[in-house]
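**Student:** Each chain, letter by letter, is given below.
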Amino acid sequence: MPKNLYWFNCGSCGGDSVSMFNMESPDIAAFFKEMDISLLWHPSLSSMAYLDYQNQIEAILSDDLKLDILCVEGSVIRGPGGSGMYHSTDYKPRKDLVGLLAEKADYVVAVGTCASYGGICTDGEVEATGLQFHKFEKGGFLGKDFVSQKGLPVINLPGCPCHNEIVSGAISHLASNKTLELDEFNAPLEWFGMLVHQGCVRNEYHEYRVEDSNFGNKGCLFFHLGCLAPLTNGSCNKILWNRRSSKTRAGVPCVGCTQPDFPKPYPFFKTRNIADVPLDLPIGVDRAHYMAYKSMAAAAAPKRLKDRKTKI
Amino acid sequence: MLQKLKLNLAFNRVEGDLEMRIEVDNGLAMNAWCSGTMYRGFEKILVGRHALDGIVFTSRICGICTTAHQTASVRALDMIAKADVPANAQRVRNIVLAAEHLQSDMRHTFLMFMADFANPEYKNNKLFNEVMARHEPFKGRTYLETIVETKKMPELIAILGGQWPHSSFMVPGGITSVPSQNDVMQCILLLKQYRHWYEKRVLGCTIERWSEVKSLKALDAWLDEKEAHRESELGLFIRLARSADLEKMGHGHDNFISFGSLELPKGSKTDAKFLIPAGFAQGAKISEFNHENVSEHVAYSWFKDYKDGKHPFEGETNPYATGNESQKYSWAKAPRYNDLPAETGTLAEMVVSGNPLFAELVKKSGSNVFSRVLSRLVRSTVIIPAMEKWLAEIDGGSFYAPPGEIVQGKGFGLTQASRGALGHWVTIENRTIERYQIITATAWNASPRDSKGVRGPIEEAVIGTDVMSTTKLEHIIRSFDPCIVCSVHLLKNNRSLLKKNIGL
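Protein chains in written order, with numbering that gives the first Met the number 0: chain A, 0 to 311; chain B, 0 to 503.
Since the hints were derived computationally from the structure, they do not count as laboratory data. Among these hints, one or two may not hold up.
Stated by the list, open to error - Distance ranges between label pairs, derived from CB positions:
no., chain 1, residue 1, chain 2, residue 2, range
1, A, A299, B, L188, 34 to 42 Å
2, A, S175, B, E207, 47 to 55 Å
3, B, P384, A, D285, 56 to 64 Å
4, B, T321, A, V146, 33 to 41 Å
5, A, R242, B, P355, 48 to 56 Å
6, B, L188, A, L64, 42 to 50 Å
7, A, N202, B, A391, 50 to 58 Å
8, B, K191, A, G98, 45 to 53 Å
9, B, N292, A, V284, 32 to 40 Å
10, A, V146, B, K191, 46 to 54 Å
Even for Gly, the Cβ is constructed at its ideal location relative to N, Cα and C.
Turn these sequences into a full structure, and let the hints steer you where they fit.
**Tutor:** Below you can see the structure in the form of structure tokens.
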């Protein structure tokens, strides 16, 4: 019995879908086939006569068609003034349909940071919010009490965009009725129970506080260039992007895109500091001990690292 | 008494939210209004943010043109900082943007555009069985191959820039990464494999052989020369276009605009600034491009009114969500060049670069579904050799030259996204963004009317189309490769169009 999956776009750039199209093994077409998932609708891929599309939504809403998994991409746009008219479909607010579909689904999945927590437009004027979180605060569009037909809250798969292995992994779990252990922001621990910092090839530089002040070098990006990897929950440096790399491996400081408060209200690529030590320390460390440890680490740094001669 | 109807339609497989209202008379589209139906407010979010933040934010305007936005934002900052971008950095920036074009052109054509021919309406067409075998969504041979083969391009981009989509590795002064000789070699290997697929499956010949086709007569000769040519995707498309009269479908204003892109690295032995030249053309008559002639009108857009058009350096973005009222109907502003509408994309690039085949085609039948999609199928023949050259040229030189802090200034970054002209106009005051105005490619193509009431390119292109079914409309709209992310669907019954008075 195939599982029915509906992919719905709200205030989105489509990046999570584009990322998903890069799915590696299996590729996106093979994935749906292997997992016996019937893709009821995807905005970029579906080819359906209008009447059939309209009837399909009606059938879901009247319980004639089972909706197993609802995937939502993009933030829910509620402005101006709560009307939702910054994002309309046939002059009706797009947000209205999300709520109706979510009520019917066995599982509701927020794909990407926008759908999970509000994302890139949250601080703007369009009153963007996530499905069940507004940044750190539970609630969002559906409200804190919402549960799906299977009794679960919205499952958040943050990331800007979300990595396709996380999408395929999470959907596979749900399609197989397996449990996903979730953190306090309802993101699966499998991918978000670790830091982006773990696995970065610049770790040895980080260890010995060999820190770059300018782009274009091989050292650590944490002390001066605003890298948020030690403060960001994600697996970019474990599962890697596009089979090859990650931002930090390419010298791009992590921008913390999986965090509920992405984008941070302070500048990217610039570390806020107190007395030359980052203001925001790796999650959970004690400042006094950290400062002492970093001083000693810097003093112990081998010349080969200070010369940045490694081929990372 | 002629029965007039108004159709409300919406389209998916356009990266975006695109709706159209069409006034129908005797089964033909007599007037059209093209709506972008989503506003997210990027331009205003950026005001007050730090100078470099645009690099991270603007990628998120579009998941498919993420590299193009990054390119435009960094070029604006390079200008303000008077950065001296090293040749190697320019090569890598070009390679990555070019790679984005390659996968975009193929994914659009074979996952989004061709699907409209795998449609029971064409079942009496002699090519129908072949089209179904190749292009049926999720089943067709070429459909499935496209999914697999185009992934090589994001992989190539990740080797050089960390990830795709939404890396932020382009910074003022160059790039953050330091690709090794092996990184470059891995990219060369990926591109070689990709080229083999493109030549075998899409062209049916080598890029060199295709480059010899410089006239419509040569195109006919090419088609007749070998079965491999006829049976390639290009060959099939040409034959399908002839049998379905695509050359007569979707005629625009025949104005074309390109902002120029893929700036040639320092030390290139040529007078040209870009691989893809900038220019404005009326028919095949090309004139020099000046960004000062660009303006945006809001008379028919959901923004607070101002008279005529404003250049982006004076641009204002004050949303005014009036919904369904008689005049304003789109979240897109109306970009104009010298107050003229213009279409942008692969066809515009071909025309503005003086490509003789497309000059002849445009002189013969103007812009239409056939010329647009043909140009998209063969743009890769220009891009791939350039990528190979830039990869081979990467040497031991640096990839980044620190430009100093960006404190103050005005700059603009112009480039070509996969679907056409893209510009960012940026004003920095005291290290923060004071103004940020963006004109996307699809704003040009899906533009609403301007202050004079002149239609935008897609609106113009659907006039006169038979709308008894929506298939021709779908070919026309998708021939522009619109990027306005999202889904939509037809809103009203498309059966018995003349029998039902739909109204608005």
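**Student:** Against the earlier hints, flag every one the structure doesn't satisfy and list their numbers going up.
**Tutor:** 5, 7 and 9
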